Amino acid sequence: MSDAPLAVSARDLRRDYAMGDAPVHALQGVSLDVAAGDYAAIVGPSGCGKSTLLNLLGAIDRPTAGSVRIQGKPVESLSDREATRFRLLHIGFVFQRFYLMPALSAAENVELPMAEAGLSRAQRRARARELLRYVGLEARADHRPTQLSGGEQQRVAIARALANRPALLLCDEPTGELDAHTGAEIIALFERLNAGGTTIVVVTHDEELAAAARRVVHVKDGRILSDTRVR
Amino acid sequence: MGDRLVIRATPTGPADTVIVGAVVRASADPSEVARDEYRVLVHLDQLQSLIGYGDRVDRFAVATRDRAATGRAMAAINDAAFGFQAHRSRDIAVETSQTFLVVSRFHHAIGVITIVASAVFLLCIMLLKVDERRRDVAALRLMGISAATVLRSVVLEAAMVAVAGSALGVGLGAAISAAVNAHYRGVYRTPLAFSIVTPEVVGFSVALSLVLGVAAGFLAARRLTRVPPLALFGR
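Chains as they are written, first to last, in our numbering: chain A, 1 to 231; chain B, 232 to 466.
If you are wondering where the hints come from, they were derived from the structure by calculation, not from laboratory data.
Small disclaimer: the values here were computed from a predicted structure and weren't measured.
Be aware that a few hints might be false.
Ranges between beta-carbon positions, derived for each pair [claimed, not checked]:
| hint | chain 1 | residue 1 | chain 2 | residue 2 | range |
| --- | --- | --- | --- | --- | --- |
| 1 | A | Ser120 | B | Arg454 | 32 to 38 angstroms |
| 2 | A | His25 | B | Val458 | 20 to 26 angstroms |
| 3 | B | Ser384 | A | Ser79 | 21 to 27 angstroms |
| 4 | A | Ala126 | B | Ala406 | 44 to 50 angstroms |
| 5 | B | Gly465 | A | His143 | 27 to 33 angstroms |
| 6 | B | Leu403 | A | Arg62 | 48 to 54 angstroms |
| 7 | A | Asp21 | B | Lys360 | 36 to 42 angstroms |
Built from N, CA and C at the ideal position, the CB exists for glycine as well.
Sequences and hints are given; from them, build the entire structure.
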């Protein structure tokens with residue numbers, strides 16, 4: 001166990017869904033600590049509850065029971081508006097399908113969370129350029145998403161997720177839409193980010209992405225089966 | 232000018248020979264624009280002998296330079312009159328314009344109905360467009376973009392569509408209006424304006440389009456922002 005402060009701490013998480021008459025127990029008492037600077041991959045078969053866990057760790061969903069603390073702050077009791085603001089300022093999300101705004105350029109997409117956070121135009125532009133340079137897309141800053149390849153779009157999405165300097169980067173199948181070569185570039189980018197101190201939790205089926213993480217958490221039937229530190 | 236003409240009230244009636252003393256261009260009068268006829272001005276006694284009638288006046292219009300004096304003049308005439316009635320010229324003008332007022336209101340109603348129908352169309356388009364973006368909106372909400380920001384941006388987009396549509400509509404309206412006027416002025420040889428795009432009409436149309444467009448955007452966006460982001464993702 002690392003001595004670093006916890007980026008996120010989940011205790012005895014349970015999440016039930018109503019599906020017809022029978023409730024579905026998506027998570028059945030999951031506890032997980034992720035230290036600041038860690039890089040954890042959550043793996044498991046489809047429907048095992050890993051995305052549900054990610055949603056709870058990211059203050060997107062509320063647990064049926066249990067608690068989640070992000071940087072020490074309990075988030076399960078936040079109102080919808082408070083949770084939205086909290087996500088904006090403390091959590092970065094990377095999705096499988098990028099979800100870049102098609103009418104905006106790459107730089108404007110990166111600026112979007114910063115505009116919502118209230119940063120000045122000059123600050124946003126400078127930070128967006130810095131992040132696009134970091135992900136190797138400075139020259140593509142003015143391109144629309146449709147003018148970018150899948151890998152480039154995902155790198156813009158990662159830059160956008162980092163815009164407000166989040167304490168935690170949550171990624172849901174970030175290489176799911178990419179070919180092996182482009183996926184490898186994204187894996188390398190995550191490694192570089194983590195080496196720079198970014199805390200990353202990634203849900204994936206991609207074995208190469210999971211292998212790149214410092215820690216692999218196996219989830220099955222709503223429970224953590226194993227939690228292995230690999231490096 | 233100077234030509235001699237033989238005129239009669241009916242083909243078999245008494246005739247009179249007149250000399251053309253002046254040719255008068257008819258003033259622009261909407262009530263007479265479509266009549267295909269000539270107007271001949273003759274002296275009253277000539278007219279009486281031609282048609283075989285005496286004086287037949289049942290009403291006439293009164294206007295005075297001092298508007299306050301019109302009422303007094305009318306009252307004096309009507310006290311002395313027998314078989315006819317004096318009216319304010321403005322009242323007669325209003326009365327004879329009733330048809331045009333009705334037509335004008337009818338056109339106004341058509342315009343309003345068209346704009347409202349366009350707004351309903353815009354609402355449908357906005358609903359479809361916003362629904363197409365439900366996953367994008369869900370991703371934005373998950374990233375921390377507030378429902379208010381999403382709502383504002385959709386409303387702004389709807390307003391811009393409404394403004395662009397209004398500008399296009401006004402431009403198109405002005406062009407069609409000019410074409411209609413050019414055509415019918417040629418057909419009826421009159422300087423009358425058959426179609427007028429006034430600042431009031433433009434202002435009213437743009438304002439109505441904007442209000443309805445913004446309302447359409449607001450309804451479309453609110454429908455989406457009320458749904459939790461995960462539900463928008465279909466989870």
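For each hint, the structure was consulted:
no.: 1; hint: A/Ser120 x B/Arg454: 32 to 38 angstroms; in the structure: holds (33 angstroms)
no.: 2; hint: A/His25 x B/Val458: 20 to 26 angstroms; in the structure: holds (25 angstroms)
no.: 3; hint: B/Ser384 x A/Ser79: 21 to 27 angstroms; in the structure: holds (22 angstroms)
no.: 4; hint: A/Ala126 x B/Ala406: 44 to 50 angstroms; in the structure: holds (47 angstroms)
no.: 5; hint: B/Gly465 x A/His143: 27 to 33 angstroms; in the structure: holds (29 angstroms)
no.: 6; hint: B/Leu403 x A/Arg62: 48 to 54 angstroms; in the structure: holds (53 angstroms)
no.: 7; hint: A/Asp21 x B/Lys360: 36 to 42 angstroms; in the structure: holds (38 angstroms)
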